[in-house]
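*Asks:* Listed below are the residues making up each chain.
Number of protein chains: 2
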Amino acid sequence: MNYPLVARLLGGLCWLMGIAMLGSIPWAFPQLQVAEQFESDGCWALVASMAICFGVGTILRWVGRDARTLLYRKEAMAVVGLSWVLATILGALPFYLSGAARGWVDPSRGVQQPMTVADCLFESQSGFSTTGATVLTELEDPEIVPRSILFWRSSTHFLGGLGIIVLFVAVLGQGSAGKALMRAEMPGPSKEGSQERMQHTALNFAAIYIGLNVLLTLVLLLEGMTPYDALCHAFGTMATGGFSTYNASVGHFQSELIDYTLLLFMVIAGINFTLIYLALIGRIGTMWHDVEWRAYIGILLGATALVVGLSLFVYHDFNPDGSLSFGQEARDAVRYVSFQVAAIVTTTGFGTHDFDQWHQFARSLMFLLMFVGGCAGSTGGGMKVIRHVLFIKILGMEVERSFHPSVIRPLKLGDKVIGDAELKNQILLYFGLITFIFMLSWITLVAIEPDSTWTDAGQPVENKLIDSASAVAATLNNIGPGLGTVGAKQNYAGFSSPAKMLFVFLMMLGRLELFAILVLLIPGFWRSR
Amino acid sequence: MNYPLVARLLGGLCWLMGIAMLGSIPWAFPQLQVAEQFESDGCWALVASMAICFGVGTILRWVGRDARTLLYRKEAMAVVGLSWVLATILGALPFYLSGAARGWVDPSRGVQQPMTVADCLFESQSGFSTTGATVLTELEDPEIVPRSILFWRSSTHFLGGLGIIVLFVAVLGQGSAGKALMRAEMPGPSKEGSQERMQHTALNFAAIYIGLNVLLTLVLLLEGMTPYDALCHAFGTMATGGFSTYNASVGHFQSELIDYTLLLFMVIAGINFTLIYLALIGRIGTMWHDVEWRAYIGILLGATALVVGLSLFVYHDFNPDGSLSFGQEARDAVRYVSFQVAAIVTTTGFGTHDFDQWHQFARSLMFLLMFVGGCAGSTGGGMKVIRHVLFIKILGMEVERSFHPSVIRPLKLGDKVIGDAELKNQILLYFGLITFIFMLSWITLVAIEPDSTWTDAGQPVENKLIDSASAVAATLNNIGPGLGTVGAKQNYAGFSSPAKMLFVFLMMLGRLELFAILVLLIPGFWRSR
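Chains as they are written, first to last, in numbering that gives the first Met the number 0: chain E, 0 to 528; chain B, 0 to 528.
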């Protein structure tokens, strides 16, 4: 292992983090009309965090000053994995140093519930991994969370968005490091390409991503949001993150226009950025012929239709007291369901309606949709649509092969042969790993989390199993909200610190598609060269 | 597809079914001191069912009278799959024709709840697949279920035990058919062997199986059971089935001795019969060195220790009011937990205590243990211990390969190389298929089953998700009881007919390890030769 090079690359990351924190400081000043008065806690916490970032970064750069710049696969994996660990820790500093709190214990006596170390790491990881799960219960109260710190929270989505590493490669240009890094970082199964193509891709992705963030911010401004809210919600949307600045999430705005705007941009954020790039240069036809894109749109439309249909004709979730006309009921159902389906499938996790109160089929469908995720090469988390498409193809082919063992057919998408036995193996392996990690995390969570988390929240302890399963699914797939005690109207505040650390690990695992984190746990990874 | 041969083999199966029904008829006569008076309904239902079996069998044999006896892989799969379908239908006849009922609607007015067609198919499939899930709520009332029909119900376990096909091969000797059939039927991954070895194995397995049934019956007689109960519970145990003759299952006997006896024989029934055979001829050492056996025993002991430990030191499930001494509490905990863990892992599904009332970790562990199953080559269902051992090994190897792509290591168990890339692929595929089928069945069940199944039973509708998941797991893995509305003190009676047909399909899928049933659904399977 070329440790000096790893240190040097990580040092660069620290500097980048420090620079990124700069953007949150202005919001501490009342001149921007967000903070009511100067937020000294928030401001100094950010300044101190920046100092730590630059200090640590400089030490790491010094350690790696003579590093050979040759980056092998192993070093690339180590940098990707470790940089996420490091970013999580550094990103947690502003929360910790500002004394931000989870919420009130007793507002009348001014007693707050301080953020623990686990809370800060959770919130930071949730931001960088674009999960959007939160432990903060009082987002709207500046006494609890300074506005500048809340902006930092949304900034971590922006940074996490395309992966800080992609930005890192594209912005700082690490020479031969680029290719290997991009390969480990690029979401979804992708083909080998030349180094130049990788850097080119990284720059294009970054440009598209920033452009879409700017565009959405402008649209939201036009639709009446403040600049602060517009930026934060653009970050939350384009990164498929889901942090809002309101306790009621996007539901706060009570605006059909904003709902559909964010819906559209969530769906765009979940599309392979290569397709967006091709569409931008006029080759929009590629999109219509792309199998993954078609499956993605099909899942969004199909799931919405199923839930809306059952709601309108059987369960009447959007008209419980029968006071609405059918037209109004249908309009509400389409609005809330399409938004929520997109929020889950793209792994954004915004909410405009408490889907945990919908019919049971909707709840179970939402749970399964958590595993779908966006398209490969998007900012979406989850397992990625393409893996599901290939998985189902492989299962069908293999069942056929059980009675025709001599027939070996190549894996095709449309007319194109896209894979060999190795790809088949990788897809099956990924599903195996996700299943294994999901089951192991679920039972671990049930074991370590006391029943009082449910009883204290006034929930039946029998819900522990399904709620825990949804919490694991929602963090591993970088969604945010789950069912029951982690549902749309609840959050992760009530969990114990060990459980929160488990979630931090799961969010990181899911965001980096398992391997870059799993290898860090293998002693053999660190030993040999 | 050699249809005449398939017909001829299925015809033989029908005859065998008819012969097997003969054994239930004596219990209709009061002379055996089981029925209080001559059960004309039960007796004539059995006689009529036998007649149908022989009639259908004769027609099928006539259709296949000139069949070439060459049996290819496809024909073998078709025979295995179709024979299970046929056995389910024929085995359901005695229930249907006897007018057996699910239970009372109103005992005072004599109004019974008749068994629907779906109920009869469910009960029959549950027997043959050695699942032991039931829709009968009043087992102890001869007015509801004649004793002779209840005996037929337990007989289906015996027949299903080693697989009616193994018996079929061993008893009727289908020449060259033997090898291909055994290969498709033999539970768990196994190596190719000569035809003679297969027939030899089949005969040995059958002999061991029948011997253990006889031995357990004798032991239970000595322990005070009636011959009727002893036979039925021996069938339920050695087949890892779980049908009892009492509503409270084995808990009815309130006997520590019987509990531990059945525990021991359940554990034996879940061991690879090859190991039992080797132990019987003096080579017991093979067992101690067998990786699967060690994992199996380890899982049983480990799971018991975890649940007992948490019960004794945290949740006190066996001493809720604090009235017991620690010694008594520990004794009860070990007794009930070890029994239940073995009942789940071996996929028997007997009950002596309502594990659904234990702490949540126990409930979630029981749920996961449902997927473990017995050892390959045992009568146990589930996914089989060996697949889990290999699965975990493969996951570890593949994570290592992600940073050492050039290193390809063979799959080993202990010192022995046991597999190649194809076995790796098969194991990953099996986990993928189980996950896919489980998820698809779960959401289908949630969609088709009305909420009233829960509200009518006085259960919160929020439990629909976890209860449905456990019902799918318990049928797909041939366990029997699940959680909540299908828990140890409940059963499957309340489900709608479509849901029961789904369970029938899942029980069949699980028992035949997926492929022999899945191929029946592929049109291409029937077309080509």
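Think of the hints as simulated: they come from the structure by calculation, not from any bench. Incorrect hints may have been included.
It does not matter which identical chain is used: a pair holds within one copy or between any two.
Claimed, not checked - The list that follows gives simulated cross-link-like pairs (lysine to any residue, SDA-like), each with its CA atoms no further than 25 Å apart:
| id | residue 1 | residue 2 |
| --- | --- | --- |
| 1 | Lys392 | Thr115 |
| 2 | Lys392 | Pro522 |
| 3 | Lys392 | Gly102 |
| 4 | Lys411 | Ala47 |
| 5 | Lys411 | Phe524 |
| 6 | Lys411 | Ile51 |
| 7 | Lys411 | Arg526 |
| 8 | Lys488 | Gln359 |
| 9 | Lys392 | Gly523 |
As the structure is a computational prediction, the values presented were derived from the model and not from experiment.
*Asks:* Measure nothing new, just compare the shortest in-copy and cross-copy C-alpha distances for Lys411 and Ile51 to 25 Å and report within, between, both or neither.
*Replies:* Answer is neither: 51 Å inside a copy and 49 Å across each miss the 25 Å cutoff.
*Asks:* Cα distance capped at 25 Å. Does Lys392 pair with Gly523 within a copy, between copies, both, or neither?
*Replies:* Between copies, since 16 Å is at most 25 Å while 35 Å is not.
*Asks:* If the cutoff is 25 Å on CA atoms, where do Lys411 and Arg526 land: within, between, both or neither? Let me know, please.
*Replies:* Intra 39 Å, inter 23 Å, cutoff 25 Å: inter-copy only.
*Asks:* For the identical chains here, do Lys488 and Gln359 meet the 25 Å Cα criterion within one copy, between copies, both, or neither?
*Replies:* This pair counts as both: shortest intra-copy Cα distance 17 Å, inter-copy 24 Å.
*Asks:* Checking Lys411 and Phe524: alpha-carbon separation at most 25 Å within a copy, between copies, both or neither?
*Replies:* For Lys411 and Phe524, the Cα distance is within 25 Å only across copies (21 Å; inside one copy 34 Å).
*Asks:* First find the shortest C-alpha distance between Lys392 and Pro522 inside one copy, then the shortest across copies, and answer within, between, both or neither for a cut-off of 25 Å.
*Replies:* between (36 Å within a copy, 16 Å between copies)
*Asks:* Quick one: Lys411 to Ala47, C-alpha cut-off 25 Å, is that within a copy, between copies, both, or neither?
*Replies:* neither (54 Å within a copy, 53 Å between copies)
*Asks:* Reference check for the pair Lys392 and Thr115, CA-CA at most 25 Å: within, between, both, or neither?
*Replies:* neither (46 Å within a copy, 38 Å between copies)
*Asks:* Quick one: Lys392 to Gly102, C-alpha cut-off 25 Å, is that within a copy, between copies, both, or neither?
*Replies:* Classified as neither: same-chain Cα gap 48 Å, cross-chain 45 Å, threshold 25 Å.
Against the hints set out earlier in the document, violations occur for numbers 1, 3, 4, 6.
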